[in-house]
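Trainee: Take a look at the letters that make up each chain.
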Amino acid sequence: MRRLLTILLTFSVISCGEAPVEPTSTDTVQWMLEHAPDYLESREFRRAELEASLWKPELPYARKRLTAYGLERGGWDLLPEFEVKVTTVGENPTEIELSSDVPQTREEWLALGEQVFWYAPMRRDGYLLWLSERPELWDELGLQADADGNIRGVVRYTDPLGDQRTAITCGACHGDQGIAGAANKNLDLGRARAIFGEENGLDNTLFGTWGPGTVDVTDDGVTDPLAIPNLWNLDTQTHINHSAAIKLDSPAALAIRFETQYIEGQSLLRRPNRVIPWALAMYVYSLKPGTRPDTSLPGHTTFEQKCGSCHQADKAFGGGLIPADSINADPLASNSPLRGTGYYKVPTLLGISNSDRFMNNAKVDSLEDVIDSGHPYGETMSENDKVEILEFLNTL
Amino acid sequence: MKRALLLAISLVFILAACVENEPKETGWEINQNNQNNQNNQNNQNNQNNNNNTVIVTPSTELDGMFVSGHLGNYLDCPEKGYDPNANVGAGSAPEPPEGEDGAGRLAGDCAEDGCTGILNCEAAQLTIRIENIGDIQADAVEIRSLRLFRFDGEFVAELPVVGVSNAETNELFEGDLPASDGLMLRVDFQGLSNAYELLTSEGDRGWGHGGVLEVEVGAENAPAITIESPELYVLDAVAT
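Protein sequence lines, in the order shown, are assigned to chains Z and G.
Using my numbering, the first residue of the first sequence is number 1129, and each one after it goes up by one.
Using my numbering, the first residue of the second sequence is number 3, and each one after it goes up by one.
Hints in this document: simulated from the structure, not taken from any laboratory.
Backbone N, C-alpha and C fix where the C-beta goes; we use that ideal spot for every residue, glycine too.
One or more of the hints may lead you astray.
Unchecked claim - Computed far set for chain G versus chain Z, every beta-carbon distance over 12 Å: (1) 58; (2) 85; (3) 87; (4) 137; (5) 141; (6) 142; (7) 157; (8) 158; (9) 180; (10) 216; (11) 218; (12) 220; (13) 223; (14) 225; (15) 235.
What the hints assert, rightly or not - The calculated label-pair distances, taken between Cβ atoms and stated as ranges, are: (16) G/144 x Z/1236: 44 to 54 Å; (17) Z/1233 x G/154: 21 to 31 Å; (18) G/183 x Z/1233: 34 to 44 Å; (19) G/223 x Z/1333: 49 to 59 Å; (20) Z/1171 x G/58: 29 to 39 Å.
Please take these sequences and the hints and turn them into a complete structure.
Mentor: Next up, the structure:
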């Protein structure tokens, strides 16, 4: 009896349209290499992957995409493409143009993805131009100059209407010291906006409260800045974003997130050639931290006992979702009307030894304070356990 | 027997599941179909096939679909947005689409330069695709109206059109659309100066909703069509 039902259910899944393709290979980059044609050529594939990734379809973030992406008729798929042709900003402006020819090898895909990461304009902002002309402010705002004396992660380009724009790229927020994937925990774009406001007679004081290493990514009437995350070992993650609004059902979900992000960044006037987000997702999946967990330390065993149920070793010391109110964390982002799911993702701890700002709002200053500030098991832990765990955490 | 019953129940379940999984009605309906033209085409077929002498007047028919758009962002420049309440007392209608000056003009300036230096000041805009599926050129194709509704269906305002251009070349759209041709049009318009206040209803958790636009496209020699957008939003001040 049960078997009959199972067969029928299987049948129903197949008959209801394309089910998202599950990654079969453990090597995500390889999987993406094999499925590039699906993403580039099949609207049905993209649509199925989009739907599978938006597990809270009622959220505005999801509704926006569900009503516009991968439609049979109309929608964002019809937008003209934009060319990635930019000039770096600083002492040695250099022109960079990315090809949208389909790369053939893994190396070519990753090389393109790397270029996209540093140079493709994700989002233009008026104050960036102003900022780019004031190098004396860069340091205090956490903007970094690269080896050529140009601002890392800021580019100029001509927008679809012919206007000169200054835009930010992934590298500004996720490329600390030129290391792709490392969160820039000193970047203070909120303060940049506040200073810009002061000089231009705008009241931007609210932005000034974000704090370094955070960006308020939602226009929801609530100031809920979120920590810029590291992008390590994403292939171990089931969801992305602090509130886990996107499910990584397959790697295509990440490419779709980037593609739609670029479309919004272009004010919904253009879309990138799909080679761009696919290469970027592949590249982001390839990013690994430079650190190596020292599992020979006694603190590793203690960590496994006390913390391992949530921060799982096989998920880069991160894990699944937990109800936001079950943990002592800033609840604002989990309630955001735009992206809040009521949950928080248990974040990966890879790379935390390089950080001094923790939790989703980046307002906790040390690992010790994380443990002491009401984090699970923290308060009941012996002093010795704590010392050992901290020693282990500092190898992550 | 039991088995058959289970089978039946399962099938119902499957059907229900399929209905559920059916992609949501994401589209935008063309509310008015030109029945006449279909007839004409049929007549024409008859003519061709049967060597009949039915006389047909060549006609034109528009088809259109929504592509993308947003309601702008006038947080730091409310004076450049459109405020329906400001017009109520004065009894003045919104500027006609071709209006040379007035409110619409300001949003246009905003798109050109005034806005680029300000944080939250973005002119509203949308892109549609229009096709002429008739057999002669459509003349004087134009945006007749942009009507904004709240997500719950309540009418909010008719928004002034600032300009219409070819979305790919940025050239001003002159209004001619040859037979069997299609075109992507960008419509610059004036968004609400206070969209958040006017689009959000009580119990909506705030900020969670946008508005739906009905774009009426007309031509001198074709029946007007209405393209409905999905829910559109204010352009995010920060996007990542």
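Trainee: Please write out, lowest number first, the hints stated earlier that are contradicted by the structure.
Mentor: 15, 17
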